[in-house]
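Q: Bring the two chains, given one by one in their own frames, into a single complex with the hints.
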Amino acid sequence: MLFDAYQTDSFHDEMFHADGTVRPEARLLLETLQSLGEGHLQRSQHAAERMLLQMGITFNVYGEAAGTERIFPFDLIPRIVQAKEWERMERGLVQRIRALNAFIDDIYHDQKILKDKVIPEEVIRSAASYRPQIHGINPPGGVWCHITGTDLIRHGDGELYVLEDNLRVPSGVSYVLGNRDLMKRTFPEVFEGLRVRPVDDYPGNLLETLQSLAPESCEDKPVVVLLTPGMYNSAYFEHTFLAQKMGIPLVQGSDLIVEDGIVWMQTTHGPRRVDVIYRRIDDDFLDPDIFRKDSLLGVPGIVDAYRRGNVTLANAPGNGVADDKVIYSYVPDMIRYYEGEDAIIPNVPTYLCWRDSDRQHVLQNLDKLVVKAANEAGGYGMLVGPHSTKAEQDDFADRINANPRNYIAQPTLALSRVPTLIGDRLEGRHVDLRPYVLYGRQGIRVLPGGLTRVALRKGSLVVNSSQGGGSKDTWVLAGGDNGN
Amino acid sequence: MATDSRPLLSRVADSLYWMARYMERAENVARLLEVNLHLQLDLPLDGNQWQPLIDACGEAPLFKKRYGEATQETVVAFLAQDREYPNSILSCLLAARENARSVRETIPSEMYEHVNGIYLRVQEQYAKPAEELSPEVFRDLRLSGHMFQGVTDATMSHNEAWHFVRLGRQMERADKTSRLLDVKYFMLLPSATSVGTPYDDLLWSAVLKSASGFEMYRQTRGTITPRHVAGFLVLDHDFPRSIRHSIARAVDSLDVIRAGSNTQYESVNLLGELGRELEEMEVDTMIRSGLHEFLDSLQLRLNAVGAALQRDLFALRQLKQTQTQTQTVGAD
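Keeping their order, the protein sequence lines are chains A and B. Mapping of the first sequence onto the working numbering: position 411 corresponds to residue 411, and the numbering continues sequentially without gaps. Mapping of the second sequence onto the working numbering: position 33 corresponds to residue 33, and the numbering continues sequentially without gaps.
Heads up, some of the hints might be wrong.
A few chain B residues that face chain A, going by a derived Cβ cut-off under 10 angstroms, partial list only [to be verified]:
(1) ARG97
(2) LEU120
(3) SER261
(4) ASP312
No lab work stands behind these hints, which were simulated from the structure alone. Just so it is clear, CB atoms sit at the ideal spot from N, CA and C, and this is done for glycine as well.
If we strip away everything but chain B, and leave its shape as in the complex, we get (with noise of 0.2 angstroms):
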């Protein structure tokens, strides 16, 4: 670690990695968003186009639930508006303003008041019925989200404090990118492998742009085909939205984090190994073998590593392990 770093409580690291993880949570919801409502203005009456947008967060049967059919209307609300649901747009902010404020001390004015700002505004713009919500005010909360990366990049010491960001940031880019590709892929391939049809290069259009890659791709593949697609969003080395690229961002920072420290990390060596098979991984390789089963496990290890870190380095510790006369700290 850097000498000028000031020593980081463990609760305060877990904070800024959540209020990071948040944050990047809201802004890929509100893209998923965006890129649906101008979809279905291209698109044939008939198609619905909503339920896989709930398949892609992992939260059919709580849906089915709550508001039966996936309509724009329910589908917003349930994104975007719900309270009650932990993952909804407003549910993100919220927390991620709570954790922002947890941590107000160690982040720049300006990063806080981004992050409330953020949430007073949508929380005024959400008010409304879903119907009446528009793709400008998910488009506004993506441009927000990227400004937040801006200000914490420009105004904050890149210390071990912003490294936590980074982690945090890059983890949940990885695991949202991984979910969409694998509900979009298997959605999406049948029609791309039988008789190919007007809206097929339409619908992988919304996958990329769903990850703001759109315009990248075409650069670096041209045409778009189902597995130019999986290779750009799994392995492009240089796309800050693939996987490879955020877990390789991810180590970065992680080692960074382990600098300070002499101790062996089980964080540190699940995600470097996750790291090191990404940069050797082929894109053949990995549709060959499956790329369903191939995301699945990948969505298992980061889970892994979010549990390690938690024990490596968010957990209260013992002082004294070594003697019998230990003092016990209640964790909350």
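The following block holds chain A by itself, in its conformation from the complex (with noise of 0.2 angstroms):
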């Protein structure tokens, strides 16, 4: 049956123990999952698949014609969180939010940081993220990163690592909505019995928390919209998505205009005042007047309204310093700096080129590490080490050596895995975890449950949606009986 030559090989297994017996966490789900009819979990697949494409859950592809999105590929068999471990997660997640918001802050002020020497002045200088023009904003309640989807991976040691932060525009909560949606029109009776963590109050709260954080000037009810590339980038069913689920309108570049230092929007009836943008646009093409000048997605003007104050932007533009992976390697030491305390969750090791010796142990080790560009998301500029060619391993060697400061490399890690339906019967496959957290001026929250994206090729530890990537439903458990 399903399960008949399922092996956990050398890897942790996120529903099964080493010896092949089950976690308690997962008990149930495996009954439900060993009770199913002949050909029944096939079916929901297909069914699941039909109705995302039904109901546009899609992404586009650049360089495809109009009208073909594709579906970024589900698996019914969810991944498991219990309550003790996920409580944990959520302060780890917490405490380092925390800490990168003082960061950033720090940066684009007084730089206290660097003066203590606790990181190198050069290393900020030097990343392609940093924006010297924020120099001295105060975004209102002095947040920076009101929305960040942390990657979190487990590795064959059981511990959980986080692998990147993800600040600027982190993208996938309409899937973690969407899947927990499909699971329940699709395959209802594996919730029984099991006390899963709602999802659906995300987009409420993502209003709220962007409501909460309007220009102190703001005396109405703030006025929020999204900002929109538009319909051909890749996430704009995502965009759609939150603004509709928020009951905010959705707005492209061209929809808005600044004037005298205030952001209107254009509605049918003349100019309308905008205070909160969360914008979905990258810095570079956010506002041509600072950033990129050949950006036509962008509104020229706004970041000038936002340092006046008149309109906030989340997440806060120069947000992305604390996403180069250079940077990254530093997280604990902020933790520790600002915070005065230890990371509870750990950092993945990592090697900076642009240290002699460890560019001496990269290089010698190629074909074991996983080497990244600095600035690079999505899993471009990224070699697998053990997957790699020699041909492959020598081109990154030229690259290292030809800029140095803009590569880190890591252990492979030995992604834990997941069952997952692959043909007529399930086989692990790896997985990563990226869960959602929100900051507003009540404090930080973190959405129980998140993306679970998974490789769906044999062996490949790339779970990007660009790379042959699907993703899982994520469940968190509430604390009792089964949770824990």
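A: Okay, here's the thing in structure tokens:
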């Protein structure tokens, strides 16, 4: 049957112990799966895929014709997180976001952490995502990281690590909500007897977060909008989804106009003032007046309006400085510096190629390490040593020597696995987990769930949607009988 | 405007309007094809009733250039399947879907899922050769069009955005009914005035069916005469596809939209004037003064309303029109 030939191999499996017995939090799920009739799971899987297409839960593939979006492959077997472990993750994320926010605020003001030599100044100045234009800006509430999607992974030792912080414009949360909806519609029987924490209140919480950080000068109920690059952006579905669920206008750059430091949107009855902008446009394209001049997606003057305190931009421009993969390696130091605590969730050990000793080690071990460009995301600009050819390694050696600051390396991690439907049976596939964190005036909240991305190709460790990844529903269990 | 409404972006209003127009257009083309496919089963072999469809769409030159002779196969290929012809069913549905996609946050999920579902299904159905497309697939689309209207009216608040959807639907309907009548009336008229053939009733019935109006016509007008058919399709008070009815509903919607503003809108004046004239028009006056001239001028006036809507409501305006320091906004 489904699990007949199932092997955990030598990996940490989220459903089974190494000896093949089921983890207590997954027992009920396993029993339900085993009781399903022949072919039931495959039929539900097909139904789910059809539904995704019909519901238009898709992403655009750049360079393809209009009307040809693709679905983000979805696997029906959920990933389960027990209550106690979630509680620790939550504390770790809150601690981390608070420190990162303090760091960004410091970098764009007094730069104490540099003066105290905790982080070398050179590392900041050379970061591609550092924006000197932002210096001295005070975002409302002092919040720079309104929405964060931190990537966590579990290594073979069973420990969770932070892989990336994703502070700029993290995406994927619509799939978290969509996946849950889909599970309930196509596979309701698996929820029975489990207390899975709901995720549906995310859009409401996001709206509250955005409203809470409106400019202090805004007296009425703040007008909040979501700024999208437009319908050919790969994440356009998510932009429409979030705007719809929050009930706010979805605007494009051409819908907005700035005059005398005030942002207006063009409505059928003339201009209306805008107070808060949840922008899903990268810094580079946000404002041609101060960032990339050739941007047609942005709004000229919008950063000036922001600097004058007339509009809130979420996330705050410039916060990507902490996304730089070299600066990432200093986050545990930041947590010690700003919070006086040790990091609850550790970083993945990271070699910085601009350090001579680290670089020597990296160059000698290219076949074992994962090398990443410091400023890339989405699985681009990356070498997975054990899966690479000699030619690819030589290419990366040249790139590293040409620009050591732009490369870091990490050990190849044995990402944990979750049973995944492959053909007519279940096989283990590697996963990561991206929880979503909201930072409002009232504090920091973590969505109890997250995007579990799964590398569908056998043996693959790359979970990005652009590289053959799919996703799973993530069940955070409420505390109690089966949650622990 | 009702107090519960939120501001509506000009771009969004524009897309809602065109989403509705393209859905209505696709449905109209499907109805024309469905009726014609049925009709040919009843007609003698020598009559070519496919060319008139092309004429009714106002596309004779383009069609001739691309396909040559009008046969069932070429006309279906052109009107239903041709992705390069912007008013084919497939092109209209793609345009409706792209417009719907650009306003997904404004319309209920059910509406987008419906438009998306139609597009995905039709794209699959129409992938076969033209001669294999049965009347059933066009009937299917006609029903989907009705369902779209039902979903729209039942799930979307009847707010400003909804009125833009209705405005688009009604403008398109008035335009299509006038084109249909214009072409058919003069094609069929000679045989109606000279010796009647057994096919006359059949052909006139087909005109009514092309506007889904045959049964409703019978209830109020009884026997089929060209004069009555023209009167019914242009001036009937109650039939939802008559030009008068469509324009009256368009006027209602534009009035609601206008109520949100104290600006004078040219589109409101133009459309209101047209609506009032249709209310007072008598069928005999219309026919005596020349039906073709009447329909021709009607189409020009509808186009003028469309252009005025663009200026009044859809175009991006400058913020400080009275001051010298203005900023140009790229309209795209």
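Q: A separate judgement is required for each hint: does it hold in the structure or not?
A: Verification of the hints:
no. : hint   : verdict
1   : ARG97  : holds (7 angstroms)
2   : LEU120 : holds (6 angstroms)
3   : SER261 : holds (4 angstroms)
4   : ASP312 : holds (9 angstroms)
Checked against the numbered hints above, the structure breaks none of them.
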